[in-house]
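As numbered in the working numbering, residues 4 to 168 make up the sequence shown, in order.
Treat the hints with care, since some could be wrong.
Stated by the list, open to error - Pairwise CB distance ranges, derived in the manner of DEER restraints:
| hint | residue 1 | residue 2 | range |
| --- | --- | --- | --- |
| 1 | Ile15 | Pro90 | 52 to 60 Å |
| 2 | Asn81 | Gly18 | 46 to 54 Å |
| 3 | Glu114 | Leu168 | 25 to 33 Å |
| 4 | Ser142 | Asp100 | 19 to 27 Å |
| 5 | Ser57 | Ile165 | 22 to 30 Å |
| 6 | Glu118 | Asn97 | 32 to 40 Å |
| 7 | Pro156 | Trp120 | 21 to 29 Å |
| 8 | Gln30 | Asp145 | 49 to 57 Å |
| 9 | Ile60 | Ser142 | 35 to 43 Å |
| 10 | Ile165 | Ile60 | 26 to 34 Å |
| 11 | Pro90 | Ile60 | 21 to 29 Å |
| 12 | Thr59 | Pro156 | 24 to 32 Å |
Hint data in this document are derived by calculation from the structure and do not stem from the laboratory. For every residue, glycine included, the Cβ atom is placed at its ideal position computed from N, Cα and C.
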Amino acid sequence: MKINNKNIVLGILLGLCIVLVFVSTKQYSQNKDLEKKLQDSKVETPEIYHYLNSLTIPNFEKKVSDKEDFIAYVGRPNCGDCQLFEPQFITLINDYDTDNMWYINVKKLREDNLEKWAVFKEQYGFTQTPAIIHFSNGSIQDMIEWQDNKGLPLSNLKKWLIKNL
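Work the whole structure out from these sequences, hints included.
Encoded structure:
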């Protein structure tokens with residue numbers, strides 16, 4: 004078999020095509036991985052962090068035990084009800100002074116230990132998320148939370164905010 008310039012050029016082009024296909028496939032896979040990480044980070048960092056200060060669970064418990072007067076919005080970024088509720092809630096709270104309202108992200112607590120999660124909900128007087136609770140003198144003054152059959156109507160929430168903020 005005689006090797007000529009034409010065969011060499013074809014061999015090189017074929018080799019380049021294989022390399023390009025490999026590189027493109029690898030790049031596509033990396034882009035998909037990055038896209039998934041971005042989507043996951045959106046769930047991990049909910050929009051509410053841009054509108055309310057937040058507290059860790061230990062700091063929240065300390066505020067309650069110190070008998071501070073504050074409002075806690077208890078939610079989770081992976082809670083379907085919270086995801087439905089928060090965009091409307093954000094629109095509504097823009098009209099209020101929320102310096103005394105804090106976001107409590109309970110995702111990790113709920114995921115790590117369902118028994119502790121049940122105790123936490125009972126201790127702080129709510130049954131599900133989202134819940135908004137006004138604490139004063141170490142106890143619940145008022146609370147409003149999502150209801151399975153009707154959600155949390157904004158008209159009710161607005162009245163609650165007027166009364167408690």
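Verification of the hints:
1. Ile15 <-> Pro90: 52 to 60 Å: Since the Cβ atoms of isoleucine 15 and proline 90 sit about 56 Å apart, the hinted range of 52 to 60 Å holds.
2. Asn81 <-> Gly18: 46 to 54 Å: 47 Å, holds
3. Glu114 <-> Leu168: 25 to 33 Å: 31 Å, holds
4. Ser142 <-> Asp100: 19 to 27 Å: At 23 Å between Cβs, range holds.
5. Ser57 <-> Ile165: 22 to 30 Å: 24 Å, holds
6. Glu118 <-> Asn97: 32 to 40 Å: About 38 Å separates the Cβ atoms of glutamate 118 and asparagine 97, which means 32 to 40 Å holds.
7. Pro156 <-> Trp120: 21 to 29 Å: 26 Å, holds
8. Gln30 <-> Asp145: 49 to 57 Å: 54 Å, holds
9. Ile60 <-> Ser142: 35 to 43 Å: Given about 18 Å between the Cβ atoms, the range is violated.
10. Ile165 <-> Ile60: 26 to 34 Å: Since the Cβ atoms of isoleucine 165 and isoleucine 60 sit about 28 Å apart, the hinted range of 26 to 34 Å holds.
11. Pro90 <-> Ile60: 21 to 29 Å: 25 Å, holds
12. Thr59 <-> Pro156: 24 to 32 Å: Cβ of threonine 59 to Cβ of proline 156: about 30 Å, so the range 24 to 32 Å holds.
Violated hint for the displayed structure: number 9, the only one.
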